[in-house]
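Protein chains: 4
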Amino acid sequence: MFGSSFGNVFKVTTWGESHGKGLGVIIDGCPAGLSLSEDDIQVYLDRRKPGQSKYTTKRGESDTVEILSGVFDGKTTGTSISLIVRNKDQHSSDYNEIAEYYRPGHADFNYDTKYGFRDYRGGGRSSGRETIGRVAAGAIACKILKQLGITLSAYTLSIGPISIDKNNFDESSVMQNPFYMPDMAAAKRAADYLEKCMQEKNSSGGMIECIIHGMPAGIGDPVFEKLNANLGKAILSIGAIKGFEIGDGFSVAAATGLSNNDSYRADENGNIKKMTNHSGGITGGISDGCEIIFRAAVKPTPSIAATQQTVNRKKENISINIKGRHDPVIVPRAVVVVESMAALTITDMLFASMTSRMEDIVHFFNDKKS
Amino acid sequence: MFGSSFGNVFKVTTWGESHGKGLGVIIDGCPAGLSLSEDDIQVYLDRRKPGQSKYTTKRGESDTVEILSGVFDGKTTGTSISLIVRNKDQHSSDYNEIAEYYRPGHADFNYDTKYGFRDYRGGGRSSGRETIGRVAAGAIACKILKQLGITLSAYTLSIGPISIDKNNFDESSVMQNPFYMPDMAAAKRAADYLEKCMQEKNSSGGMIECIIHGMPAGIGDPVFEKLNANLGKAILSIGAIKGFEIGDGFSVAAATGLSNNDSYRADENGNIKKMTNHSGGITGGISDGCEIIFRAAVKPTPSIAATQQTVNRKKENISINIKGRHDPVIVPRAVVVVESMAALTITDMLFASMTSRMEDIVHFFNDKKS
Amino acid sequence: MFGSSFGNVFKVTTWGESHGKGLGVIIDGCPAGLSLSEDDIQVYLDRRKPGQSKYTTKRGESDTVEILSGVFDGKTTGTSISLIVRNKDQHSSDYNEIAEYYRPGHADFNYDTKYGFRDYRGGGRSSGRETIGRVAAGAIACKILKQLGITLSAYTLSIGPISIDKNNFDESSVMQNPFYMPDMAAAKRAADYLEKCMQEKNSSGGMIECIIHGMPAGIGDPVFEKLNANLGKAILSIGAIKGFEIGDGFSVAAATGLSNNDSYRADENGNIKKMTNHSGGITGGISDGCEIIFRAAVKPTPSIAATQQTVNRKKENISINIKGRHDPVIVPRAVVVVESMAALTITDMLFASMTSRMEDIVHFFNDKKS
Amino acid sequence: MFGSSFGNVFKVTTWGESHGKGLGVIIDGCPAGLSLSEDDIQVYLDRRKPGQSKYTTKRGESDTVEILSGVFDGKTTGTSISLIVRNKDQHSSDYNEIAEYYRPGHADFNYDTKYGFRDYRGGGRSSGRETIGRVAAGAIACKILKQLGITLSAYTLSIGPISIDKNNFDESSVMQNPFYMPDMAAAKRAADYLEKCMQEKNSSGGMIECIIHGMPAGIGDPVFEKLNANLGKAILSIGAIKGFEIGDGFSVAAATGLSNNDSYRADENGNIKKMTNHSGGITGGISDGCEIIFRAAVKPTPSIAATQQTVNRKKENISINIKGRHDPVIVPRAVVVVESMAALTITDMLFASMTSRMEDIVHFFNDKKS
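Protein chains in written order, with my numbering: chain A, -13 to 356; chain B, -13 to 356; chain C, -13 to 356; chain D, -13 to 356.
No wet-lab data here; the hints were simulated from the structure.
Incorrect hints may have been included.
Said to hold, decoys possible - Here chain B is said to cover these stretches of chain A; the calculated rule only asks that three of the stretch's residues, wherever they fall, bring their Cβ under 8 Å from a Cβ of chain B: (1) 65 to 75; (2) 91 to 104; (3) 224 to 232; (4) 248 to 261; (5) 264 to 278.
Predicted model, so just to flag it, every value in this text is computed and none were measured.
Virtual Cβ for every residue (Gly too), placed ideally from N, Cα, C.
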């Protein structure tokens, strides 16, 4: 199927497998004249690369990005930008065993049913390494958004039963612990919890939150292309995400209109503000000028060393213990992926919004003439 | 913006406002040779039309559908199908007042910011009536799916604090209470709760669940077009939905790999089954042959008669009491909308999956030749 | 298949058959705030409606358009615009005969092969009436373009062997003869030629040219979405068009670089102009600021009363004489269809071009803030 | 803009510039299980690579392709296929001069107007090398089509005033002369003509024809996605193409219904055939089972060494003589590009046609179950 592209106007198309020659992405629809170097992208890739702590896989990849096209004299040219990250530390032989059976919690069985066979080495296209292209493209989106006054901040809200304490919330600590948690005390407890998981050959789920600062009102669409719907798709398209909620999210189910509606007030300068942000910055599919805030639930790493029951390709029932280099929790490395996917979505919809009003269009082309 | 279309291969495009001449939808990509009459569609529209009970708006609309194109001699022709529902009971004068201010919980402010003005009559395009086109198209999708052995069942899981009791779960009772709850006792408690809400000029949120039976394995896509991502977008594109989860959903965050992975077993006939369904029928973006199960959180009706604070177009702070004919809860009438959006998504992805394997394609065209 | 939509950003989706209830179009992506009434659209539809002269079908259709959505208080709202034209003078019984055989030059056989059956009444979806939706949408595109200083002018270049004389070219006469020819003398000769065709129960082909005035430079795209490629698709998607050329077109094949290249010159004010316009206003897929000029070849009306050989559904070889109300030449009524399709293409690509430069985007959103 | 992708279901996205690090393409939507090696692709690239004769640029590029993803154990996996060709013989310093002025017949001025600047080295993205991605993807499409019994054959019809003689038409000679002409005598005259052009520092245009054998009837779509419209867009998106015609093409303008209609006849076995093929294999946008035949006009190479008038970036009028390694005619190397673009279009539309009939869909999924 044709599912490796994302976006309508700012479009990305990714490729690559865990143990193939590499992974990459084409960004099509990036405006001309944006300063761009490999360093801009590398800093984002470094946040998802393996080996950052003892809680991540030991696979030795520097994940160094190379810009192949679309940049000239340090600036984007407006044509398609091709980025590549070469794989360097494939240990494909580790995976011969899993070629023969269907790992629980993985898509092995689904792939074989759909395609007739699969690239089993490290999960092939369904590997977490698939997100390299997303993050590389997301770095460019973030750079564009920054010039428009929009910044994104994603972080870990919980790992297993360990949640951050909203009273201790400290955004500056996000980059200072291996779990990207905005609460150093919680990060310490998470470390203890993960040690226990690893000893038990088990793994943990968790939750990620993302805030988008500086979002102007009026972005999004009233029907199918609602801003929240596109954010939801973006986030739910990341492997291991099983839930998405915006603003008050699932708690609205037990709320009332009076408790859930956000009142408007005008200040003395005529600026209109919402008194609360239950909506999470989007109502009716369109941004309302408040911070956008959403959360995603991440399932536990399915590859665990503990004994599991499954079936092999000969349709025999067997017991397995999965070997290889697996993160005991997906959450920390998924944080930058969530941020990237949100950035891609916001950029795409900002661009698409430029034709919302006839007067803006007339003004735009008149400006160009003069 | 260009956001009134949904789907890649089975595409729908909707139009219409609450107080305009009517609403409708074009279905493009419907295969030829499907028996189709207005009755097939009307039965779905009747599930969402107003006036079904005292818990829904009194607006008197029969919501009668007319097929304008794409059907000949009782069968679809393979060309675009146009459906229309005329509005009949508009009371636009009720809405002159709201033209002047921004209703909390609504997108009035966002629309004005985006478009410069808005059709304020009954919410215009952002009205719940916008879903008429979705349901009319969904009825066709459901008819297609039925021929492929796939059926969908959506129902109310909770209204405010009133949840169904899983032990009392009775799918046959869904159509027998005004809330589309699969638990008659819970429906009775929900009625009491809503009476109280209405007396307090307040409204209630709730939760909807949807099960898709008969889904074959191998449908979906590994990257951006994951089946769960497209279902998520479909559901989050319905007004008032603030959260979406699949399978164990948000509870995976506190789970472990051992508790969350679904084991496979082969029976004596070599049929491979999952022992549990934590995944909700989709792993790695591709269906696994189990029932697909997902939930959505619906916010409380934002239009309430209780006093609220807001701002008018002159940027003055005011108090308002919203008049008009509003449902005290959106959930019951949204049930069929959720089912419809899921059906559109599944149909689109089933069709898209037909080119997954070269051998299937060769076989398909060889069959056509002979 | 899903082929009733056109455009990426300014999208139209059409529906309807010759003898169904009517025909129509949804325009999605029209900016808010454009003044729009049914009169704006009717004037374009009147240029293609039947019965304008004795050289067109006698079918009695006023082709009156109704706006169903997307316009409020006389202005577009930014949401999808639905337009409908009801059929009124169907004589479906005329067509029972053609249900049984495959008309030469028509797609009857192709439809049956593709879909298994067809709506044979007046050609169903493949009727020339299918273009009603294109013209109705094109009228809106033309209104948008006019506000941006862009106007389109299409006319008949030839009917059968009768071509206009470039020395007599008089654009003001286009609307003054039934063939939309910019040369009254040629129009007179065309009338004589068509009389002869009609007497011989035969029909004629012809050629249409279109000029786009006021097109700014820099619109289009370097690779697959070249402006000329999209214009070509737009025009070739009109039934009966068998060829498309831009600028010097097919004559470039025998030209040399020296004769075909357009030199640039700067005038005293620093304005850069091309000395010639062999390119037809587009080079490398991007407009160069000159007039865009292209031509299309229209095949003769395939429905003719003269005796033809064909096959019926029982696969018997038969002779036929097609009855019914057919134009002896398609060209005159296709002129406004060509103009409309060009307008849709130009509007779509102008809108898409707004994100070509980072500095423009920053400027756009800064303007919105202030 | 977002214009580097082509196709709806079988999608390709290209990248790369003449003097960048390389060029490539992602193919998304290729079915799983197709045998594929670099050799399959290289044979097509070799037909367009420079240095095949003295009539092509001396740039020394082997244009060796590397498969980066989407193939495992020699077969496509169904996920995105990434192909790369590294540039090796860039002489960028040759191009410093052209950075300063606008070459006649090129898009330099248009690029600067659109993007604000341009990668001037060898034309950047607008170089003929851009077609490498098209040909690499086209090779895969051709391999798919061959398995479905469809083959494509493109060749040179004319170079400047030298046309092939239809009486001498010999398809087997296409690969035996440097111009890919199916007439060795014409090829000899073309060589003489080009020698003369080269001596005069001038260049030549020409014409390409393409025949598609084995095309089943019933492929295509009745409205905007007509098979001929998509072929037209595909071909017109190739740089230097100024005209496209199908079947009798522009000559239909002077034809009559009687001369242009193709009669049907059934043979003794009940097979329905057309007696003639004026339509070129497509009527009403849908294939009719005959050979598809179309032609394209190619403009003369705009880069010529003869003196030309133009303007520099300082808006001064100047005279130039373009240096560098340029083909005196584009046609021969464009032949395989035309064939490739046609193959991409046909593959995309064949795949899209699989959902035309409900009975086929039911049959398809029933087959999968059993």
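Does the segment 65 to 75 of chain A contain three or more residues whose Cβ lies closer than 8 Å to a Cβ of chain B? n = 0 at 8 Å, threshold three: violated.
Count the residues of the segment 248 to 261 of chain A whose CB lies closer than 8 Å to any CB of chain B, then report whether that count reaches three. holds (count 8)
Tell me if chain B covers the segment 91 to 104 of chain A under the three-residue, 8 Å CB rule, please? It holds, with 10 qualifying residues against the three required.
Residue count check for the segment 224 to 232 of chain A against chain B: does it reach three with CB-CB under 8 Å? That given contact holds, which follows from 6 residues of the segment 224 to 232 of chain A lying within Cβ reach (below 8 Å) of chain B.
Per the coverage rule (Cβ-Cβ under 8 Å, at least three residues), is the segment 264 to 278 of chain A covered by chain B? holds (count 9)
Consistency with the previously given hints fails for number 1 only.
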